[in-house]
Structures are given as structure tokens and as C-alpha cells.
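Engineer: Below, each chain spelled out in residue letters.
Protein chains: 2
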Amino acid sequence: MYSFEALAKEFSGRFNTKHFPSTVPQLYEPAEYFLSIGGKRIRPVMCLMANELFGSLHPDAWHVANAIELFHNFTLIHDDIMDKAPLRRGVQTVHTKYGEPTAVLAGDVMIVVAYEYLNKIGSGNLQKILSIFNRTAREVCEGQQLDMEFEKQQQVSMNEYVHMITLKTSVLLAASLQMGGILGGSSEGNQEHLHAFGKNLGIAFQIQDDYLDAFGDPEKFGKQPGGDIRMNKKTFLLIRALETATDTQRKELVRLMKDNPEDKVQRTLGLFRECGVDEWSKDLKDKYMEKALQHLDDIAVISTRKKPLRELADFLVQRDY
Amino acid sequence: MYSFEALAKEFSGRFNTKHFPSTVPQLYEPAEYFLSIGGKRIRPVMCLMANELFGSLHPDAWHVANAIELFHNFTLIHDDIMDKAPLRRGVQTVHTKYGEPTAVLAGDVMIVVAYEYLNKIGSGNLQKILSIFNRTAREVCEGQQLDMEFEKQQQVSMNEYVHMITLKTSVLLAASLQMGGILGGSSEGNQEHLHAFGKNLGIAFQIQDDYLDAFGDPEKFGKQPGGDIRMNKKTFLLIRALETATDTQRKELVRLMKDNPEDKVQRTLGLFRECGVDEWSKDLKDKYMEKALQHLDDIAVISTRKKPLRELADFLVQRDY
Chain S
89 MYSFEALAKE FSGRFNTKHF PSTVPQLYEP AEYFLSIGGK RIRPVMCLMA NELFGSLHPD
149 AWHVANAIEL FHNFTLIHDD IMDKAPLRRG VQTVHTKYGE PTAVLAGDVM IVVAYEYLNK
209 IGSGNLQKIL SIFNRTAREV CEGQQLDMEF EKQQQVSMNE YVHMITLKTS VLLAASLQMG
269 GILGGSSEGN QEHLHAFGKN LGIAFQIQDD YLDAFGDPEK FGKQPGGDIR MNKKTFLLIR
329 ALETATDTQR KELVRLMKDN PEDKVQRTLG LFRECGVDEW SKDLKDKYME KALQHLDDIA
389 VISTRKKPLR ELADFLVQRD Y
Chain G
89 MYSFEALAKE FSGRFNTKHF PSTVPQLYEP AEYFLSIGGK RIRPVMCLMA NELFGSLHPD
149 AWHVANAIEL FHNFTLIHDD IMDKAPLRRG VQTVHTKYGE PTAVLAGDVM IVVAYEYLNK
209 IGSGNLQKIL SIFNRTAREV CEGQQLDMEF EKQQQVSMNE YVHMITLKTS VLLAASLQMG
269 GILGGSSEGN QEHLHAFGKN LGIAFQIQDD YLDAFGDPEK FGKQPGGDIR MNKKTFLLIR
329 ALETATDTQR KELVRLMKDN PEDKVQRTLG LFRECGVDEW SKDLKDKYME KALQHLDDIA
389 VISTRKKPLR ELADFLVQRD Y
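First to last, the protein sequences are chains S and G. For the first sequence, this note's numbering assigns the number 409 to the last residue and increments by one with no breaks. For the second sequence, this note's numbering assigns the number 409 to the last residue and increments by one with no breaks.
The hints are simulated quantities; they were obtained by calculation from the structure and are not laboratory data. Among the hints, a few may not be true.
If chains are identical, the list can't say which one is meant, so a pair holds when it fits in one copy or spans any two.
[Claimed, not checked] Listed next, the in silico BS3-like pairs over lysine-lysine satisfying Cα-Cα at most 30 Å (straight line):
(1) Lys370 to Lys308
(2) Lys346 to Lys321
(3) Lys240 to Lys106
(4) Lys394 to Lys379
(5) Lys322 to Lys339
(6) Lys185 to Lys346
(7) Lys321 to Lys185
This is chain S alone, in the form it adopts within the complex (with noise of 0.2 Å):
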């Protein structure tokens, strides 16, 4: 059994790696050339890790930990258009390095080439995975559009919040865990708790990314916080303020938004902490980290096997600043 660096790093290694053919460089360079800024690679190991779980790593484990990372690689690509980013991860983003039309179908390549790993497992686990993965890719489609609706909205509820983020974010974790314990050989009740200790481990982390995007340490986050609330982007943070403001600061709150002043950040900060949404959002972390972890205290396996994952819980959701 790895521990979560192990397996990172190994996964790391094997997926670095041409995936492309050399037929149509026009089309395939620009797809390789968006795998090769990087990333955490958090998806793919969840499912290594998931699989671990209950015993060795499966030999398709690879292959599904290779269609995991090309289907959130081909999200993001296709994000990055709709959102009109000019970078990611400090470099650019394929729409801006080789136009729109190419990023479109670079994109394109990538979840055929992601169902292409997929056919690589044995016949046995085929229909159940591709189920898993055709309805998850469903649903992270619907919270990107449900996304890019609510940021036209004036109102959005923390319940449609929570739903949104669910879809586009934490049902791709909760998938690449549940898969990764099909192929380990889960039962289904220990795969409920991994697809739940997933979902729930991501609403924590979104929970996590929007705090530290408004109250982050500069020099510990890497960027400058506030870019969230200079975008008027919905966020927890934002939508709970709007809940719970009095009238006053509510007013004070959308004319800073329609308004943009130099010192909109400092003031949105000040109307947030005054509506005591900063407490309120790392207690909402945490009781969303303990469910999480309540799921992987359930499965029904010794606890040392589970050291892998709550080592990675960790990780992503930091439970102490």
C-alpha cells in the first residue's frame, strides 16, 4: 500500500506521457501541450487510492486513473473558453495559444481519447465503470451550465449554491473514489461511503477555495486575495452575506458590487466579517469535512488501510488557519 505522495508521484510519472498520436500535431499538440502545465493529478490518485483500499492495485486502475485526469483536462479546456480565461496556472490557456476553434475540438479529442483508457478494462468491470463515468460527465456538464447561470442571476440560494458545486466539482471526486473501490473490489455499501466521503471532501474544498479567496494569506494562498470579489463572483462567502446582512449592508453590499471602488475588496471584507461569514464558513468546512470523514470512518474496512485517504482529506481541506 502507498501512501498518498507514492501514489501521486507514480501516477505522475506514468502519466506523463505522450497520449496523442502524431497524426494531426495541428490538433494533438495543443491537447498535450494543456496536459503538460501540470496539475495535482488529485482525481486519478483518489481512485488509486480508493482501489488500495481493499487490496492491490487493480492493473485498470491505471486505465481509469488516465481517463479520470483526460476528462477533468478536457473540462477545463472547454471551461476556460466559456469563461473567456487568458491564463492557467500562470500560462496560456489553449483558446488563447491556438484560437478557439482548435481548443474546442482539442477538447473534443481528449474525452474520446479519455473513453479510449476506459475500453482498456477487462470486460468484467466495463459496463458498471462507463456507467459511473458517463453519469458523472453528465452532471459536471450541468454545473458548469448551472455556473455560468447563476452568475447571471441576482439571486442564488445556498441551497442552489451547494447543488451547483456539487455537480461541478464534487461528483467527479466522488466518482474517481467509488471507481477505484469498484475495482478494488468493494461492496456497494463501502462504495456509498466512498462516492459520499468524496462529495462531501469536495463541498469542503470549495468551501476552503472561496474563504482563502477573500481572507487568504498572500504569502501562503500564492496570489493576491479578492479576485473573487473584484469579479462579483458568487461564492459562499458572498451568498451568505447576502442572506444575512440587514438591509443597510445589503444596500452597501450590491452598490460596492455595481459600483467597483478602488477599495471594493477591503470594504466587501469588512461588510463579510461584520455578517460573520468568515467564522461561519470555516464552521460550514468543517461540518462538511466531519460528514466526509464520518463516510471513510464507515467503510467497513481496518483503519489503517484508510491512512492513504485521510492523509489526502487533509491535504486538500487544511483544517487549521
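Using the hints, position chain G against chain S.
Structural biologist: Structure of chain G alone, referenced to chain S:
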């Protein structure tokens, strides 16, 4: 055994249903909208007919036919974005009606649902069908990329153009037939003939399409000819003309493309005729059609069973204009 028309009607009746859930109508309505604008449903019907060549219709053939048609529509939605096409079949394209981000996602979710249909196939044939489907999907993306590249290039050779058309158009016809053959229990040898039949038929069809866009009777063709010429689109005719023209003719052709005079279509057609590309393209189409029909002949089943595919070939590629 059904005739081509009967199968086309039966398929359209079955396909004319909701393919997407109601959960996120902002995403799924655009997808259903695009399917509702119709189409000849040639590819799925080819799959059904190829199945029937060897035996009665396998229940899985309907799933594969659905997947093929959804995949084809996925490519159309994304191609329309890349080509900035405002209309298809006389109505608004998805990105024109719903915006580009939603059109990207509607395409994405459509290919996922295509894979959901494939995953309904019994496990005996799943891996084989998926393998053909995936390879073909990749090739269609390659073809679209080459098509876009060629439009920017000054010179494209006839071989390059045939290769691009093969990828962009023909391989999906070929794969539809081959997948149908597999479900009908066809031998590998017969599958290869089916594939080659579809590939050559696709090229013949494209040559006809290019010819009709230049020389077609507007009454029969349904639209004013010359669209490709006005857009300087690379076609079998233009590439052949540039390859065989005298220096004077080539200069005149290039000048017409650059200057876009009022009488551009008429004068280009004159040059096409001078270079004999009208007769040449009929001959070339006949050559590919004969190759296609030879492969149909070579399939080892009694010839009466081939009648529907023969009808389809004649429907797609008229030999008397």
C-alpha cells in the same frame, strides 16, 4: 428485412423522443432543439441496414444507431461554432440561439449521452463497438482540424483533400456500417468490405456535394449554386482546377478569389469548365462509387439481401446528372 425507406422511417420515429433528462433545462433544451431540426439520419440507418445484411435486427442496433446519430449531431453543433455558421437547415444554430458557452456544453453533453446509449449494448459486443466508435470519433475530430487548416493554406493537394474528407465524412459512414455488421454477426472479412463500401461511398458523396454546389440545378438542388466559390472554399473542383489550369487560368482564378468581383461565380464556373473539372468530377465520383459497389458485391451474402444498401447508395449518390 426492411427497405431503406422503411428503416429510415422506423428509426426517425424511435429517435424522435427526449434523449436528455429535465434536470437542467438550460442545458438540455438547446440539445433537444438541435435534434428537433431534423436530418436524414443516414448514418444510424446504415448501421441498421448493415445489421440486417447478416441477420434480423439485434436489439442493441437501436442503441448503437442512437449513439451514432447523437455523435454526428455533437460534431455539427461544435462545427457550427468553429465555422461561425448562423444557420443550419434554415434555422438558427445552437450558438446563435443560446450563445457559444451553452453550445459548447450542449455538444459535450450530447457525446456523453451517445456513450450512455453505447453502454446499453450487451457486454459481448461492447468492447469491440466502443473501440470502433472511439477511433472513428478521434478521426472525425482530426478531419475537422485538417479542414480548418486547409482553409487557411494557399495550396492543398488532391491527396491531402481526399484524406481530410475521408476523416471528416467517410469514416463515420464506414464505421456505422461496420458496427451494424458486427451486431448482425458478420465475419471480419465482410466487416472490412462494409467499411470500405462506406468509405468510398462517403467520398463519392462529397464529390457530388462539391459538384452540385457549383453546377447544380437550383430547382433540384434547393439553393443557389456557387456558395463554395463565393467563400473560396477548397473543394474537389477548386483543387483540381488549380492543379490543371494553365498559368494564365491559374492567375485569373487566384485573382477572382482575391478580388471577389460581382461576376465571380460565373467566371469561376467558366474557368472550371475550361479546365474540364465538371466532367472530371463526374468521372471521379463514378470511380469512387464503383469502388464502393465492388466492396458491396464482395460481401459474402446473397445479393437480394444487399438491395437496401444498394438503394441507399443510389439515394445518396445519383449517377445521372
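Engineer: Taking the hints in turn, state whether each one holds.
Structural biologist: These are the hints, each one checked on the structure:
no.	hint	verdict
1	Lys370 to Lys308	within (17 Å within a copy, 69 Å between copies)
2	Lys346 to Lys321	within (12 Å within a copy, 47 Å between copies)
3	Lys240 to Lys106	between (39 Å within a copy, 27 Å between copies)
4	Lys394 to Lys379	within (16 Å within a copy, 62 Å between copies)
5	Lys322 to Lys339	within (16 Å within a copy, 58 Å between copies)
6	Lys185 to Lys346	between (32 Å within a copy, 28 Å between copies)
7	Lys321 to Lys185	both (26 Å within a copy, 25 Å between copies)
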